[in-house]
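Participant: So the chains spell out like this:
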Amino acid sequence: MHIPDGFLPLWQTGIYYIITIIALYFALNWAKENLDEKRVPLMAVLAAFIFAMQAMNIPIPWGTSGHMLGAALVAIVFGSPWAAVLVLAVVLTVQGFFFGDGGITALGANILDMGVIAGFTGFGVFKALQKLNLWVAIFLAGWASIFVASLAVAIELALAGTFPYDLGLIFMGLYHAVIGIAEGAITVVAILAIQKVRPDLLHWNKTKSGSEVGK
Amino acid sequence: MGITDTIYVIEKESMKESILHSLDGRIKLILLTFIIIYAVFSTQIIVLIALEAYLILLIYLSNISFKTALLRVLILLPFSIFIIAFQPFVHPGDIIYQFPFGINITYQGLIFGALLFSRILVTLTSVILLSSISPMQEVVQSFRKLGMPRDFSMILSLMIRFIFLFYDELKKITNAQTARNFNIFNKKTAYSWRLKQLGFTIMMMFLRSYERGESIYLSMLSRGYSDKSKLYYNLNKKIGTPEYIFIGMTLLIVVILQFLAIFFFPQLGLLGAHIT
Numbered sequence: 015m016h017i018p019d020g021f022l023p024l025w026q027t028g029i030y031y032i033i034t035i036i037a038l039y040f041a042l043n044w045a046k047e048n049l050d051e052k053r054v055p056l057m058a059v060l061a062a063f064i065f066a067m068q069a070m071n072i073p074i075p076w077g078t079s080g081h082m083l084g085a086a087l088v089a090i091v092f093g094s095p096w097a098a099v100l101v102l103a104v105v106l107t108v109q110g111f112f113f114g115d116g117g118i119t120a121l122g123a124n125i126l127d128m129g130v131i132a133g134f135t136g137f138g139v140f141k142a143l144q145k146l147n148l149w150v151a152i153f154l155a156g157w158a159s160i161f162v163a164s165l166a167v168a169i170e171l172a173l174a175g176t177f178p179y180d181l182g183l184i185f186m187g188l189y190h191a192v193i194g195i196a197e198g199a200i201t202v203v204a205i206l207a208i209q210k211v212r213p214d215l216l217h218w219n220k221t222k223s224g225s226e227v228g229k
Numbered sequence: 249m250g251i252t253d254t255i256y257v258i259e260k261e262s263m264k265e266s267i268l269h270s271l272d273g274r275i276k277l278i279l280l281t282f283i284i285i286y287a288v289f290s291t292q293i294i295v296l297i298a299l300e301a302y303l304i305l306l307i308y309l310s311n312i313s314f315k316t317a318l319l320r321v322l323i324l325l326p327f328s329i330f331i332i333a334f335q336p337f338v339h340p341g342d343i344i345y346q347f348p349f350g351i352n353i354t355y356q357g358l359i360f361g362a363l364l365f366s367r368i369l370v371t372l373t374s375v376i377l378l379s380s381i382s383p384m385q386e387v388v389q390s391f392r393k394l395g396m397p398r399d400f401s402m403i404l405s406l407m408i409r410f411i412f413l414f415y416d417e418l419k420k421i422t423n424a425q426t427a428r429n430f431n432i433f434n435k436k437t438a439y440s441w442r443l444k445q446l447g448f449t450i451m452m453m454f455l456r457s458y459e460r461g462e463s464i465y466l467s468m469l470s471r472g473y474s475d476k477s478k479l480y481y482n483l484n485k486k487i488g489t490p491e492y493i494f495i496g497m498t499l500l501i502v503v504i505l506q507f508l509a510i511f512f513f514p515q516l517g518l519l520g521a522h523i524t
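Protein chains in written order, with my numbering: chain A, 15 to 229; chain B, 249 to 524.
For reference, chain B alone in the conformation it holds in the complex (with noise of 0.2 angstroms):
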């Protein structure tokens, strides 16, 4: 599943119908965003697999395809992987095995990893898990009622508009490319001629993007578009009882995890040990 996939499974997750998804989108925002941070102010890896089983409750609440979930999460992984990966090696500690050249494994190196791979994959499936409960003019929204400039998010309303269409369009272009056995990996054609054309097919949808973005401009003028238009319609519910348990709950589960991981994770050994 590449990203030109994702975005559809995204839309089509986001239109589901559950509990999660029906509510406020300002609230989901909030919410899964302390949930990021406090993932990456934890400092033991007990609190991200405890708040990751909560995460994934959640998935299970929404009706969200869990496979798709895991795809997504996969997709995400390699840059992240490979700065955990190296961790071992380059995180200073004792060192537990040693390979000729100087290379060494190291204890804390191993932990530290360890500590990252678990806050990477809780703050992936809080990504992922707010953008398939949330339509993502929905989330834009949300941004605009708690202050982003109005500016900023009517350039992200529209943008998001758009990149459906551009993504259609790409695929037209890549599509005539490979019924033309055009292949930008093919080796048997010169690096710089492959390159050249990849220029072209940007040039193409710059220019593309900009009539379109100019057509667009006129049409909305004669529809009485202004410097001070809204362009977006109300999408956020009011906030009830349905709101107020989601934000019980995950306040509940954060200070009884900071609690526990105060007092009692510290005596659990590893797990519950704080790693720097």
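Same shape as in the complex, but just chain A (with noise of 0.2 angstroms):
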């Protein structure tokens, strides 16, 4: 899903940037105020983790493999959008600089795509639905952000007219619908197993101990 440079306008990728660069103030002042100064490590170690969650593969039914993204999972774990806006800008700048994994001209749209649409895509779906049920939620905002994500990244290509949007729609849409059935469950299993070991780090629990965040 990591688009490459070349793909985008300069201008446009510029746009993306500005977009990018308001919403990261907005993730840096909510790590300010909610998670004093633990944010750095704590931010730090969690970016590392999903950089290396990234790496692992996950089959796909029909013979292809793809890979986690992980800002649902982030935005849940911290009940905040805003943590995988963060975390994941980390992650994007990393895989755009050092290893060439989505370009550095397209890096705000990346971020945008990955990080801005997808914890909010993600972590909406899951304040939605969490009263229905609380795992079927988790499910639906994992797959939701991925699913959301990729149609993002499939009307940016469109703009650019690099890819029509009906083809862009339809295959963007189709491969990440499945993907995002794996990042779903993943998702719920991830979460579920954090509340059985470490219930304390989830942040509705957190909430109803009246504790902070990250304290």
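There may be inaccurate statements among the hints.
Here are the simulated lysine to aspartate or glutamate pairs, EDC-like style, with alpha carbons at most 20 angstroms apart [as the list claims (entries may be wrong)]:
| id | chain 1 | residue 1 | chain 2 | residue 2 |
| --- | --- | --- | --- | --- |
| 1 | B | K419 | B | E459 |
| 2 | A | K46 | B | D399 |
| 3 | B | K260 | B | D416 |
| 4 | A | K210 | B | E459 |
| 5 | A | K46 | B | E417 |
| 6 | B | K420 | B | E459 |
| 7 | B | K486 | B | E300 |
| 8 | B | K315 | B | E265 |
| 9 | B | K393 | B | E459 |
Hints were generated in silico from the structure; no laboratory data involved.
Put the two chains together into one complex, using the hints given.
Facilitator: Next comes the structure, spelled out in structure tokens:
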């Protein structure tokens, strides 16, 4: 899903950079207000965790493989989409500048898709469905985060004139709708396991006990 | 070579010694990013061929392995190739070949695909060169000196230290799973069961990373860490003659290329034509 350099015209990448910088400003402010000085090492280990997690291949039913995004997972655990924006921004910067996975001029667009859009979609779906069924809400949050982000990539490529809307939405949407099932299932298993082993780390448990996030 | 191996290869290459390795980190970062921006800006294949030739010359000067650089480019190409391969079929233009079911190949699509491929090649070569001649911490420090917000650069700096640790942990987990005959792609076990195992692995990694983060935070606190602490030491050198030569050479090449791109290359036919 990482857009490489050269697929988006420079003026469009500039717009995505501006949106991303504004989002990062709010994400850094959220971290300052909610996580205290502990935020730096904590966010750093989480970014490294997401980075390593994205290196793990997930088998996809029709014989190919994909990898997790992790935006919904981070947003749900921390109880804020800004956590996903911050963590994914760091991960994508490292992937872009050191590994060539996603472009440097397209970095703003990639953070917008996989950090902002995936993080907010995942968290929004989770909040909307949380009261109906917690685990269904987590599954759909994971699924929707990757699915909606892939549609955003298809729209950006279409706006750039690189790939037509209809085919882009069909290919990207179908492929990520399937990967999304794995993303949703793994997000549920991971959060379920955290709930059993270290429930204190989950945001909703902290809220119940009245303590602050990350302390 | 997977991404797990790439991380060690990058670090090994960046520790080599050469004239390019010894340059100031900021200069390398700015100039190679500048080449990427110019490559994205350019719409003529010949300009991109010239930029790629310049980057190959820099790879030669930097003493890094051509084979490793090429392998890294090949690993990164698939997603781009998917989009590029569709261009002849989806880009509007003059039809040069017709398939059944209304599928056509267009001349403009073929040329546009070639332009995208040339761009990808130049931009990937630039990133691979940058990461091969600059240790990760040097790049992060260059970011900081160039104005990246303090918090963001500190998270970046710490994250890079943890990446190696987590890859080792991931390798340990996967080795333990392999020793027990676990294979995520083995279709003899139920798909849902395999996803569950992956979920547990991710949970284990998350807990290990979180707990590691907590203990590191406590040890940092006990060593005097505060919100205003600096987490890196000075890796940047003084800007001297080699840096000025590198700046001058790169700018001169881009200026000459742009001059030729306007006044000379369009007369060369396909290679020099502006492709949109």
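Participant: Indicate, hint by hint, whether the structure satisfies it.
Facilitator: Structure-based check of each hint:
Simply put, K419/B and E459/B have alpha-carbon atoms about 19 angstroms apart, close enough for the 20 angstroms limit, and the pair holds. Simply put, K46/A and D399/B have alpha-carbon atoms about 9 angstroms apart, close enough for the 20 angstroms limit, and the pair holds. Distance restraint check for K260/B and D416/B: the Cα-Cα separation of roughly 16 angstroms lies within the 20 angstroms cut-off, and the hinted pair is therefore satisfied. Simply put, K210/A and E459/B have alpha-carbon atoms about 16 angstroms apart, close enough for the 20 angstroms limit, and the pair holds.
The hinted pair formed by K46/A and E417/B fails the criterion: a straight-line CA distance of about 30 angstroms is larger than 20 angstroms. Note on K420/B and E459/B: the hinted pairing holds, with a Cα-Cα distance of about 17 angstroms set against a maximum of 20 angstroms. With a C-alpha separation of about 28 angstroms, the suggested pairing of K486/B with E300/B is violated against the 20 angstroms cut-off. For a cut-off of 20 angstroms, the pair hint linking K315/B to E265/B stands: about 18 angstroms separates their Cα positions.
With a CA separation close to 31 angstroms, the supplied pair K393/B and E459/B exceeds the 20 angstroms bound.
Checked against the numbered hints listed earlier, the structure breaks hints 5, 7, 9; every other hint is satisfied.
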